[in-house]
Amino acid sequence: MTFTLADLAQRFQGMVRGNPDVKIERVAALDVAGPRDISYFTDRKYLAMLAGTMAGAVILTEADASGFSGSALIVDNPHLCFARVAALLHAAPAFRPGAHATAVVDSGARVAVTAYIGPHAVIESGVTIADGAYIGPGCVVGANAVVGAHSRLMAQVFVGERCVIGENCLFQPGVVIGADGFGYARDGERWEKVPQLGRVVIGNEVEVGANTTIDRGSLNDTVIGDGVKLDNLIQIAHNVRIGENTAIAACAGIAGSTTVGKRCTIGGQAGIMGHIEITDDVHVTACSFVSGSITKPGVYSASLRAEPAEKWRRNAARLHHLDEMARRLRELEAKLK
Amino acid sequence: MTFTLADLAQRFQGMVRGNPDVKIERVAALDVAGPRDISYFTDRKYLAMLAGTMAGAVILTEADASGFSGSALIVDNPHLCFARVAALLHAAPAFRPGAHATAVVDSGARVAVTAYIGPHAVIESGVTIADGAYIGPGCVVGANAVVGAHSRLMAQVFVGERCVIGENCLFQPGVVIGADGFGYARDGERWEKVPQLGRVVIGNEVEVGANTTIDRGSLNDTVIGDGVKLDNLIQIAHNVRIGENTAIAACAGIAGSTTVGKRCTIGGQAGIMGHIEITDDVHVTACSFVSGSITKPGVYSASLRAEPAEKWRRNAARLHHLDEMARRLRELEAKLK
Amino acid sequence: MTFTLADLAQRFQGMVRGNPDVKIERVAALDVAGPRDISYFTDRKYLAMLAGTMAGAVILTEADASGFSGSALIVDNPHLCFARVAALLHAAPAFRPGAHATAVVDSGARVAVTAYIGPHAVIESGVTIADGAYIGPGCVVGANAVVGAHSRLMAQVFVGERCVIGENCLFQPGVVIGADGFGYARDGERWEKVPQLGRVVIGNEVEVGANTTIDRGSLNDTVIGDGVKLDNLIQIAHNVRIGENTAIAACAGIAGSTTVGKRCTIGGQAGIMGHIEITDDVHVTACSFVSGSITKPGVYSASLRAEPAEKWRRNAARLHHLDEMARRLRELEAKLK
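Residue numbers (my numbering), protein chains in the order written: chain A, 1 to 337; chain B, 1 to 337; chain C, 1 to 337.
Chain A on its own, in the form it takes in the complex:
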C-alpha cells in the first residue's frame, strides 16, 4: 500500500515539512532508506546519518526538524509514530478463517468462525477460541482454556488446561503457559509433588517472547496484567503477579509468589527472589538480583561489569576477604584516635 506523507500526517496527527505528496511504501532505517521509504530520528548520535539519508521522509520532533533539509513528518513522539506507521505499512498478513485439515479440534471446543486454527494444532475439549484469534501451526490449547479475541499464538505454543488469555495478545513460538509450578513437599530424603491446581490468567495486549514459560499457580492463579511485555526465555513461576504495562527483558526469572508492580522494567538476566513484593515503577538493571521486597520506586542494581580477567581476579580475590579488610580498617582507625 502507498500513502502520501500528507496522508500519514493526517492519520497520525503530525505536521508535514517539505513535500506533502512524497509517496511512502515502506519503513526503513536512516542509512538504508530510499525515496519511497520513511525513517525516523530520535538519537542525536546519528545526526550524520540523518544528514545523509536518502529516505523519502523522516519522522522527527520539531526541534530536530530544524536542522533537516528533507521532507519531514513532525510529531511529539517520533518512535511511537514510527511504530504506528510501520504497523500500517507492514500489516501482518490477513489469514483465512477456519481450521486447517490437519488440526485436531475437539467437538466440544467453541471456535469462533472468524478464528484460524493452523496445521497440526490441537484444541482440546471445552476450549474457547474467540473472534479473530490465530492459533498457529503445532500449538496445543488444553482443555477448557480460553484464547481471547484477536490474540495470536504464532507456532508451537502450549496453553495448559483452564488457562485464560486476554484479547490482542501475541505469543511467539515455543511459549509454554500453564505448565506445573515447581512445588514439592519434603518426605524424608525424597520430594512429593504438590499438585498444581491454579491457572495462568493473562490480561489484554500482553506479548510473550519465544520459549518463555509461565507456570500455573499452585492453589491460586498466576496473573499477568494488561499490557505486560515479556521477552524471550523468561521464567515466571507459580503464583507470581505482574502489574500492568511492566516490561521484562530476556532470560530474567521471577521466583514463586512474588508480586511485581505496574510500569516496572526488569533488565535481561535479572533474578527476582520468591515471596517478595516489588512496588510500582521500579526499574531493575540487567543481571541484577533482587533478594528482598522493594517499597520505593526507582532504579535498582547489583551487576558487576567485566574487566580484563587478570585485573578482575585480583579484585575478586580481595572481595572474598573484605570482611577482614573492614575489621583491619577499623583497628587502624581506633589506633589513630
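Treat each hint with caution, since some may be false.
Note: identical chains are not told apart, hence a pair may lie in one copy or across any two.
As the list claims (entries may be wrong) - Under the rule of at most 20 angstroms between Cα atoms (straight-line distance), these lysine to aspartate or glutamate pairs were calculated in the EDC-like manner: (1) 193 / 226; (2) 23 / 167; (3) 193 / 244; (4) 262 / 277; (5) 335 / 324; (6) 335 / 64.
The hints are simulated quantities; they were obtained by calculation from the structure and are not laboratory data. Keep in mind the model is a prediction, meaning the values are calculated, not measured.
Take the given structure of chain A and dock chains B and C to it, following the hints.
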C-alpha cells in the same frame, strides 16, 4: 469425589480434631477456602488467616492445632499430607489408552496397550513405551528410546534416540532430552563438531520443567538420578551426573562433565562450572556461581543483592579498585607499626 | 563399519605406532574402551587411565605416545582427529528423501528432491529447502524462508518467514529463529509494539543448541556468521551480529544491536549489554556481565565464586559499604601524612 475428614485421617494416618463427618471435595488456600475445602497451615506468619478461614478443615501439626477452633486433620508433616490429599482429590484425569489417529507410530515401536500416544506425536522405530505411559500431543520420541511405565510427557517434548526415561516421571511441555552436547575440537580458527554419542539416562520419579534441556553425553552418558526435580529453563550439559533427590530451580545451568551429589538444592539462575564435583547435601543459593568442586556439605553463596542504583554504582566502582585499596591498607598498617 | 588403524592413519594423516592391523569399529572413552574401540588422550591428568586402557588404539601426540605401550595413532591435534574418526565411524543415519505423508508442504514451496521433510512438519509458501536438507518432525518453516543445502533442523524447530539459513547447519530441537524482537515505543504508560521487519540471516556450518532463540531484526537483519556455534537456551536479540567462528555457551544472552567479533568465546550465563561492540578474539568467562564495548582482544571476567554462605554474607555486607570504606581509608592516609 467426596471424602469425610475421618476418611482422610485414616488414609493418611492423621488424627481428627473437631467434626470427623465434615465432607471434603477440594483443596484450597486458607483465605479462599469454603466449607467443602481442606486447607493446610505451616507458617505462623499466616496465623490471622488461619483464625479467619472458612475452610471445612485444616491440616496442621498438633502444636498449631491447639490455637485453632475449626475441624483439623493433625499430622506431623502438614505440607506432605496436603500434597497427598490434593493428589487424591484432584487426580490427573484418566486417559483412554491407545494412539490418536494422527500420531505417527513406527511399526517397529513397542507401545504397551495401556499407554497413550497423543495427536501429532511421533514414535520412531525401536522405541519402547511402557505400561500406562502418556505421550502428549506433538511429542517426538527418537529411535530406540525408552519411556518407562506411567511416565508422562505432557506435550511437545523431545526425547532423542536411545535415551532412557524411568518410571513415574513427569516432563512438562517443551522439554528437550538428548540434544547434542556442545562439543567441538579446534581446527585452526574453525570448530569441528565432535559427534555426541552418549545417551541421557533418567531414573524414576524424575520431573523436568518446561523448556528445560538435558544434553546427551559425548561418549559416556548424562545421568539423572531417581527422584531428581528440575524446574523450567534449566540447562544440563553433556556428561553431567545428578544424584538422587536433588532439586534444581529455574534458569540454573550445569556445565559439562560436572557431578552434583544427592539431596542437593541448586537455586534459580545458579551456574555450576564444568568438570567439577559437588558432594551430597550441598545447597547453592540463587544466582550464585560455583567455579570449583565442593567437598563439604553446607550452604554456598555468591550473590549480591540489588540496591538503589546510585549507591550501587559507587560501591561497584570501588570494587574495581579493591586490590589497590587492599595494598594501601597494608601500607598504612606497616607505617603504624 | 570397520577400519584398520592403518586405514585411519592414511585417511587422517596420522602415523601408526604398534599394530597397524588392529580393527576399529567404534570410539569410546579411555576407561570403558575395548579392543575394537579407539580412544584419545590429550590431558595428562588422565595418564593413569591411558596406562590402564583396554582400547584397541589411542589417538595422541608424538610426545604423549612415548610413554604408551599400546597401539597408537599419532597426530598433531588428537581431539580434532578423534572428532573426525568419530564422525566416520558413527555417521548420522542416512534418510530417505521426500516428504512424510503427514507433512504439510505448501504447493508454492521449492523442496529439493534430495531433501527430507518429516512427520507433521509445516513448510509454508515460497520456502526453499535445498539439496540434502533435513527438516525433522514438527518443524515449522515460515513463508519465503530458505534452508541451505545439507542443513538439518532436528525436530520442533521454528524458522520465521523470510529468514535465511546457510549450508551444513545443524539446529537442535526447540530452536526458534526469527521470532519478533523485543521492540516497543512508549505511549504514556503503555507500550506500543514496533513491528519487527528484519530477518535472521545465518551463515554456513552454524550450529544452534536446543531451545535457543534468535530474534529477527527490527529494520535491518540479525546476522550470524559462518561457523558460529551456539549452545542451548541462548538468547540472541534483534539486530545482533556475531562474527565467524565465535562460540557461545549455554544460557548466555546478547542484547539488541550488539556486535560480537570473530573467534570470540562467550561463557555460560554471560550477559552482553545491548548497543555495544565486542572486537575479535575476545573471551568472556562464564557468568560475567559485559556492560560496555570491548576494543582489545583478551579475556574478560566479572564473576564471583560461591563460598560458604555465612562467610559470603559477611563479605557481601561489607561490599554494600565499600564506598564508605574507601573514603575512610583515604582519611586515614591523609591523617598519616
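How the hints compare with the structure:
For a Cα distance limit of 20 angstroms, the shortest separation of residue 193 from residue 226 across copies, 14 angstroms, qualifies, whereas the shortest one inside one copy, 32 angstroms, does not. In this assembly of identical chains, residue 23 and residue 167 lie within 20 angstroms of each other by CA distance neither inside one copy nor across copies; the values are 34 angstroms within and 39 angstroms between. For the identical chains of this complex, residue 193 and residue 244 are inter-copy neighbours only, at 15 angstroms across copies versus 32 angstroms inside a copy, given an alpha-carbon limit of 20 angstroms. Taking CA atoms no more than 20 angstroms apart as the test, residue 262 paired with residue 277 passes inside one copy only; the shortest distance there is 12 angstroms, against 33 angstroms between copies.
Taking the shortest Cα distances, residue 335 and residue 324 sit within 20 angstroms of each other both inside one copy (17 angstroms) and across copies (19 angstroms). Taking CA atoms no more than 20 angstroms apart as the test, residue 335 paired with residue 64 passes in neither setting, with 61 angstroms inside one copy and 53 angstroms between copies.
This entry does not satisfy hints 2, 6, going by the numbered hints stated previously.
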